[in-house]
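Asks: First to last, the protein sequences are chains A and B.
If you read the first sequence in numbering that gives the first Met the number 0, its first letter stands for residue 0, the second for the next number, and so on.
If you read the second sequence in numbering that gives the first Met the number 0, its first letter stands for residue 0, the second for the next number, and so on.
FYI, nobody ran anything at the bench for these hints, they're computed from the structure.
Warning: the hint list may mix true and false statements.
Unchecked claim - What the simulated footprint calls covered on chain B by chain A, stretch by stretch (three residues with Cβ under 8 Å from a Cβ of chain A suffice, anywhere in the stretch; the number is not a length):
id : stretch
1  : 29–42
2  : 160–169
3  : 254–261
4  : 269–279
Don't be surprised by glycine CBs; every beta carbon is placed ideally from N, CA and C.
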Amino acid sequence: MIKSTASVMTTRSTRRGVLGGAAKLGIGVGGASLLAGSRSSSFALAQDPTQISMMGWGSPLEKDNVDKGLKVFEQQNPDITVEWIHIPDAADQQVALKTAIAGGTAPDVFWSTPFRDFVAIGAAMDVTDRLMADPVLGAPDYFLQPQESERDTVNGKWFGIGSCWVAPHLYYNADLLAEAGIEPPSPNPAEAWTFDEFKEYGRQLTFDSQGRHPGDSGFDANDVKQWGVSWPTFDIALAAAIYSNGGYTWGTDYTAGHGSAEALQAIQAIADLTNVDQIAPVPTVLEQMGMSSWQALASGNVAVIVDGSWALQDIAKLGFNFGCGVLPVFQEPATVMLAHSHCVSATTEHPDEAWKLLAYLSSNDYQLGLIKVGLWLPSHTSLLTPDGIASWMTEGVHPDGYDLIVTDYLKNYGHNLFYPAGYAEANDLITAALDPVWVGDQTAQEALVDSGALDEIAAHLQEQQAVMNDI
Amino acid sequence: MSSLEAKVQPGVAQPAIAVRRSRLSLRHKEALAGYIFILPAVLGFILWTAGPMFYSLWLSFHSWNLVQPPKWVGLGNFRQMWNDRIFWASVRATLTYAAISVPLFQLLSFSMALLLNSKIPGISFFRSAFYLPVVIPVAAASFLWGFIFNSEFGLLNYVLRNLGFDKILWFQQPRYAMAAMVIMTLWLFGGTMVIYLAALQGVPEHLYEAASLDGANALRRLVVVTIPMMSPVIFFNFVLGVIGSLQIFTQSYIITDGGPQNATRFYSLMIYERGFRDFKMGYASALAWVLFLFILLLSLLIFRSLGRMVYYEEEGT
Chain A
0 MIKSTASVMT TRSTRRGVLG GAAKLGIGVG GASLLAGSRS SSFALAQDPT
50 QISMMGWGSP LEKDNVDKGL KVFEQQNPDI TVEWIHIPDA ADQQVALKTA
100 IAGGTAPDVF WSTPFRDFVA IGAAMDVTDR LMADPVLGAP DYFLQPQESE
150 RDTVNGKWFG IGSCWVAPHL YYNADLLAEA GIEPPSPNPA EAWTFDEFKE
200 YGRQLTFDSQ GRHPGDSGFD ANDVKQWGVS WPTFDIALAA AIYSNGGYTW
250 GTDYTAGHGS AEALQAIQAI ADLTNVDQIA PVPTVLEQMG MSSWQALASG
300 NVAVIVDGSW ALQDIAKLGF NFGCGVLPVF QEPATVMLAH SHCVSATTEH
350 PDEAWKLLAY LSSNDYQLGL IKVGLWLPSH TSLLTPDGIA SWMTEGVHPD
400 GYDLIVTDYL KNYGHNLFYP AGYAEANDLI TAALDPVWVG DQTAQEALVD
450 SGALDEIAAH LQEQQAVMND I
Chain B
0 MSSLEAKVQP GVAQPAIAVR RSRLSLRHKE ALAGYIFILP AVLGFILWTA
50 GPMFYSLWLS FHSWNLVQPP KWVGLGNFRQ MWNDRIFWAS VRATLTYAAI
100 SVPLFQLLSF SMALLLNSKI PGISFFRSAF YLPVVIPVAA ASFLWGFIFN
150 SEFGLLNYVL RNLGFDKILW FQQPRYAMAA MVIMTLWLFG GTMVIYLAAL
200 QGVPEHLYEA ASLDGANALR RLVVVTIPMM SPVIFFNFVL GVIGSLQIFT
250 QSYIITDGGP QNATRFYSLM IYERGFRDFK MGYASALAWV LFLFILLLSL
300 LIFRSLGRMV YYEEEGT
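With the sequences and hints as input, model every part of the structure.
Replies: Structure below.
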């Protein structure tokens, strides 16, 4: 089961990852101490560049890109060197980060999702003044707005800057759709499938070993050869359905919107794809280990899947005929957008250098590398212009029309997925409450409302909000 | 006056070494050397085990988010536990797991040890083969099992479907998720099996011969000779098994993340989540101390009850 997080992580971790990161942290701290010691002489002070540290995560691909980016940064700023503390898995990185903060060895710059947890404990620096004074980043049209402000501000103050955006959308196996004579879903939001169309195409694309479709006499759901669709239920994919139906998941006022009629209806519709319509595998199956949804797509086990835009980098390498489209529409076209933020540590001894690094991490130069390979989507308006699109659309990675997913779908129909402080615990409660819904043991109403689960979540969120109000 | 000093005669030049030796007796020197030798271990224990334990005891009466100074909350963390639904879910999951896995694990290990105690050709291969899973890191094995138990595309359901059974939602239904956790644990019986095997080979042959002469069949010999003679080892493995099962963590952390419906949110996983994910170090410390005290009391109970049934040969002779 995927650990619920807004990260774009694609790898699971090992203890070695943490230990390796801790070792690197130790080396970094030790190195920093040595440097600090060497600066006690005025000679050394004149010679040595300032060393700052940055802690983040990422797949080998992401790490390589960061390595390249940091080299460029160091060339542009010869007076600064960056110790890059890389931990493969996002969840493990958060643990290592908290441990470093507790030990008084917080990195100068860190990555975080959700970053409000770090704001709540005073670990992230308020960078509002620096951002507003920056001639590039401070321009009102530099970022996609209002999503960027919603993501990075607490009570009007900026405590980080988003790395990029990612968003769920459809992927389809073009050969399977062609065999069934189905027109692929469009990347244009104006031409999106309705949810009913999505279900009907899903029915046509699902068949058992005898070639029977759901609804046909004798159809055996235990012996399905090809599933029509898959809509996973981790927080991001589920939120997209809820927003499309006019609801929301986590409100900026620290409320959980999962109990609204719109949210319950969307959740139930996703569960019914498996338990009533019989056109999708049990949603959590493709989130657990063994086979990812995009592997199932490439191997022909599923024809159409909902997955995050980050999966494009893996899907593009699998060598099959695929395409992308916008999500089917419940009431209105909608997706959710999110990604980790880069923050400056509140306790950094080098705020100017750390800000320079943060500003560089918010530049097109840095962002482009990971957009081109299909891991990220742009968060800067300059990358949505024709010239900007040309700078990142990559043949063999981005299928035809993918630019519309960014320039229209993301920009005009994307909702910032708000992550309240204490999100992980709240999401655990939601996830556990919804488990029986996915296997048809309870309805969404019974699992979330009648069980009292939402009351428990509301109490937790109120506690967190009280902390955040004092920021 | 020490015996060494008594031998020193006035007016006679003594070797310098004799004067130095007069300060410490051999016994004291040996003791000093001993303390120096164990000092690293003792210091390590104080710094890395006892110290953090007492610190966590102190923390368990505080609220601490890792960054701001700890705040005294008295018994607040322990009261919170009482009203915490997830706490009780994790207690239930952990005890259920322990109650099912420990007896099955011991039974399987012991049975396999009996089988592998046979003198048949190729027995070394089988012993190695059954031990092999133990050397695979739990994290790697968890990925392997994740594939096997995948409800839609996994190996196990593929086999079940071909045998005419419906697919099982291994990690979607609570009861099956617990079963999967127990099966994964049973796969690691090799380590305990080797201990049983070693003990089996230590049972004197003449006891079996005597029992046979008295007309005991194989089952009777197992009951009256093997099991009593192995009771210290069975007891040892049982106690360690109980303690280990109450601390299960990795499989649920990697595969199920505590789900479905908190069925595999084991106690150690909950401690980890509260401490390192939710910044509630005081609460996590309180949880850890409750587990520690529970294991301590349970171990004492086991020693007081089952411990009396253990036969120690030295006492019996």
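Asks: Each of the hints needs a verdict: does it hold here or not?
Replies: How the hints compare with the structure:
By the rule of at least three residues with a Cβ nearer than 8 Å to a Cβ of chain A, the coverage given for the stretch 29–42 of chain B is violated, with 0 such residues. Here's how the stretch 160–169 of chain B fares: 4 of its residues keep a CB closer than 8 Å to some CB of chain A, so the rule of at least three is met and the hint holds. Remark: the stretch 254–261 of chain B is confirmed as covered by chain A, as 8 of its residues place a Cβ nearer than 8 Å to a Cβ of that chain, reaching the required three. Taking a C-beta to C-beta cut-off of 8 Å, the stretch 269–279 of chain B contributes 5 residues in contact with chain A, enough for the three needed, and the coverage statement holds.
In terms of the numbered hints stated before, the structure departs from hint 1 and from no other.
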